[in-house]
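Model the full structure from these sequences, guided by the hints.
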Amino acid sequence: GAVVSQHPSWVICKSGTSVKIECRSLDFQATTMFWYRQFPKQSLMLMATSNEGSKATYEQGVEKDKFLINHASLTLSTLTVTSAHPEDSSFYICSARHTGTVNYEQYFGPGTRLTVT
Amino acid sequence: EDKVVQSPLSLVVHEGDTVTLNCSYEVTNFRSLLWYKQEKKAPTFLFMLTSSGIEKKSGRLSSILDKKELFSILNITATQTGDSAVYLCAVGGSGTYKYIFGTGTRLKVLA
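If you read the sequences in order, they're chains Y and B. Going by my numbering, the first sequence wraps up at 212, each residue one higher than the last. Going by my numbering, the second sequence wraps up at 140, each residue one higher than the last.
Bear in mind the hints are in silico, worked out from the structure with no lab data behind them. Even glycine gets a Cβ: it sits at the ideal position worked out from N, Cα and C. One or more of the hints may lead you astray.
Stated by the list, open to error - So, partial list: chain B residues that the calculated Cβ filter (under 10 angstroms) puts toward chain Y:
| no. | residue |
| --- | --- |
| 1 | GLN35 |
| 2 | SER36 |
| 3 | PHE100 |
| 4 | ASN104 |
| 5 | TYR126 |
| 6 | ARG135 |
| 7 | LEU139 |
Laid out in structure tokens, this is it:
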């Protein structure tokens, strides 16, 4: 149980285009999901907290107009990288907090590797 | 500002060795500390620690938290090449579900 999927697993896009990444909790409900990015050999940097039915909460320094987050259902959050540039190339990982548990354990998706050319 | 610091940054050992990985933190209203193992893709959960002095154990891995001194250690005994990975520590404060991750410790176990 507690499986999180991401789609796509990798994507290559041209500079200036937008890319949407999906994060789904497959067998549980998640009112809260998190989006991270990870550069090579670096740790996870939290970008934003995605809340079902409300606006996402962005971390300091993360442009909310560039990284659009939508959490329209209890099992799906999407991250759209708008007008992507090469510096947006990174590994994007989502995690979901299992609503049915009393602890705060997060279950991670497999990640999406974005390359902007 | 909340922060999580892990040490060492990297470590190379031989199979059979025992390793100790450290995680120190400064977080407002500490709630819990998580340990993850990351190989090629997303991190996989190892332990959650909320109470000081209580060891969590799973096979050759164990972890303990010291809330007074604000740190946790992750021990791996009888290391195997399959233990090679980056080990991440994450700490959460109360009033929020988010976690702050440390930079990780890259462990390489040689055969």
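Now the hints, each set against the structure:
Annotation: interface hint on GLN35 (chain B) holds; nearest CB of chain Y at approximately 8 angstroms, less than 10 angstroms. Hint on SER36 (chain B) is violated. Least Cβ distance to chain Y is approximately 13 angstroms, over the 10 angstroms limit. Annotation: PHE100 (chain B) was flagged as interfacial toward chain Y, and the flag is violated, the nearest CB pair being 17 angstroms apart, outside 10 angstroms. Interface hint status for ASN104 (chain B): violated, as the beta-carbon distance to the closest one in chain Y is roughly 21 angstroms, over 10 angstroms.
Because the smallest distance between the Cβ of TYR126 (chain B) and any Cβ of chain Y comes to about 5 angstroms, under 10 angstroms, the interface hint for this residue holds. Below 10 angstroms, beta-carbon pairs count as interface contacts, and ARG135 (chain B) has one with chain Y at about 8 angstroms; its hint therefore holds. The interface hint given for LEU139 (chain B) is violated, since its Cβ lies 19 angstroms from the closest Cβ of chain Y, which is over the 10 angstroms cut-off.
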